[in-house]
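Visitor: As a plain string of letters, each chain reads:
Protein chains: 2
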Amino acid sequence: MDRRRLDAAQAAVRSHGLDALLVGPSADLRYLVGYDAHAMERLTLLVLPGEGDPWLLVPELEAPAARASGADQLVELRSWDETEDPVALVARELTDPAAPGAVAVSDRLFSVFTLALQEALPGTGFRSGGPVLRALRIRKDPAELVALRAVGAAIDRVHAEVPGLLRAGRTEAEVARDLGELILSEHDEVAFIIVGSGPNGASPHHAVSDRVLAPGDAVVVDIGGVKDGYCSDMTRNYAVEHLPAGYAELHAVLEQAQDTAVRAVAPGVPAAAIDAAARDVISAAGYGERFIHRTGHGIGVDVHEDPYIVGGNEELLAQGMAFSVEPGIYVPDRYGARIEDIVLVTEDGAERVNHRPRTVLLAG
Amino acid sequence: MDRRRLDAAQAAVRSHGLDALLVGPSADLRYLVGYDAHAMERLTLLVLPGEGDPWLLVPELEAPAARASGADQLVELRSWDETEDPVALVARELTDPAAPGAVAVSDRLFSVFTLALQEALPGTGFRSGGPVLRALRIRKDPAELVALRAVGAAIDRVHAEVPGLLRAGRTEAEVARDLGELILSEHDEVAFIIVGSGPNGASPHHAVSDRVLAPGDAVVVDIGGVKDGYCSDMTRNYAVEHLPAGYAELHAVLEQAQDTAVRAVAPGVPAAAIDAAARDVISAAGYGERFIHRTGHGIGVDVHEDPYIVGGNEELLAQGMAFSVEPGIYVPDRYGARIEDIVLVTEDGAERVNHRPRTVLLAG
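Protein chains in written order, with our numbering: chain F, 11 to 374; chain W, 11 to 374.
Just chain F, same shape as in the assembly:
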């Protein structure tokens, strides 16, 4: 890790007319200094002024972990001990009573810290840090594209094992335990595991349950992990022994929708147009009411980040963006289906990082 991201972020702080950006434990912090800090009641905060040297405030007992991350090679480390007030410490460094100015805080900083900072710095404007780092994080550099391809291949290898796991008589939770081990064998950590069998597949964010798999169940498997700091996220649909009635037709529509949306990806196309491309195919087939979520989300150091592929988002896609294309169709009380690949925006189109077949695979 080098100082390039910090330099670019400091330039963004200046161009947004801010005095400083304050970054708590989050993907933003990992992105800037490589430190995967734990968000908790003790304040950890990277202070990135527009001018001057950035510094990282950590609780004294987290200092060894911060140093082990190598963050101290990039920014000065300062620690606070158990009886100090870390908010007052930050406020003292930021305050110029003659010119209160404006600061931004990272989006996922706990509100308790932002409210305390606001109280300690009356007159200072507080803004969301998302827009400041947005332009940096939304377009991936070549090293990040390499990382996203690698983690995409990793989750491909996990999905290749799924048909062997989905046997009638096993519970979703048992399958998830095996998936956890497989994800870990290919990643540094598990991000999430969804095994939605039968009617559970009709809830897009159902995680896992003790439901027992039965022949004729459709099973939505949506899994992701983190490898070298970058996230995977991939969904495929399986059927235990045989497909339930109507599922083949529904899935064929979904395959066409996902493919159409991916083929619509290119620099200069609005994000909303990718959502519309998938939605139009599904609506034309009569399933429009059953596609109840956005088509995708950006991915990188966070599983969900900009750009969001959703109606109303007129942002133009650009080379180096990375996001999911994941239309779904959900039939309450029966089953659901979702096909999800991560794509990278290339000079003139899209590159998929996932390459497993997108058809329903028989399992068990």
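Identical chains blur together in the list; that is why a pair holds if it fits in one copy or across any two.
Simulated pairs of lysine to aspartate or glutamate, DMTMM-like, Cα-Cα distance not exceeding 25 Å: (1) Lys-237 / Glu-51; (2) Lys-237 / Glu-191; (3) Lys-237 / Asp-220; (4) Lys-237 / Asp-188; (5) Lys-237 / Asp-82; (6) Lys-237 / Glu-199; (7) Lys-237 / Glu-361; (8) Lys-237 / Glu-171; (9) Lys-237 / Asp-12; (10) Lys-237 / Glu-196; (11) Lys-237 / Glu-184; (12) Lys-237 / Asp-166; (13) Lys-237 / Asp-151.
Please keep in mind that the hints were generated in silico from the structure rather than gathered at the bench.
Given the structure is predicted, the values throughout are model-derived calculations rather than measurements.
Using the hints provided, position chain W relative to the given structure of chain F.
Guide: What follows is chain W alone, placed relative to chain F:
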């Protein structure tokens, strides 16, 4: 779960002179309505007005999960779909342009939401929600005490297995994997796992690494899980085959410090006095500089919550409070030691919920 906690919280909203308390995904939300929502970029928010019915706003695709939690039996569920602005939706319900008033937000709500709410509700005062729920959460009711005893016994049973896991030649990570399974066999989820062997034990928040255990290593094992919504957190020290030089003496001081602190616990005693009780014993033995953290933290639906057992906290202990007593001594580059039990404040003293021996146990 019944409405008693919601009623008490609404009374607290009124007594704090607030119009409403806004609660995002957090232990606060679990505490109030039993819904373990995922904190993410899509807003989930419980709106608890001082007067009138509370309601829970969820992203449409989280509605099935919210209903599965039973939260809809307690509060009205409202969902927002992918193209709506949930902040505007909340602001509309809260705004009385004639009387802007004040609201509190839960401490761990992401700042991006609080900043957006502030922008949507100019003139409205925003405060930290911690103090509003503090009085409710800090004193446990009889059912909560039962849950804390049960989860304390669960982590006792896990620690009973630790000596069999710490063999020379194994890595901390291998031990942690086994601990994860053992914790899960006794809890609903794993909260955290620290295996600090040899010099790694000198960093209180070291998690796990690929360091290989060797004979003569001291090993700090600090583990916790969640069972029926309540947390365990317990630390013991082990030695692989034999104790390193000086460790027995250090540990004897620590045992005395922990015991002295627990015996100091009683209603009416300031939290800081418990910290001082442990610290005085350690300082008198010449290790004062090596006890680098507070003595404890409250525990309940969060692993760390009020009351904090730390110098400067003059809050008086009261019957029903639950917290850790966990002094430690850390010798850089050599080893560390920490003894941690959860105690409940009784009518006239303390009840430990952990009952394993506090001496160093030989392993391997």
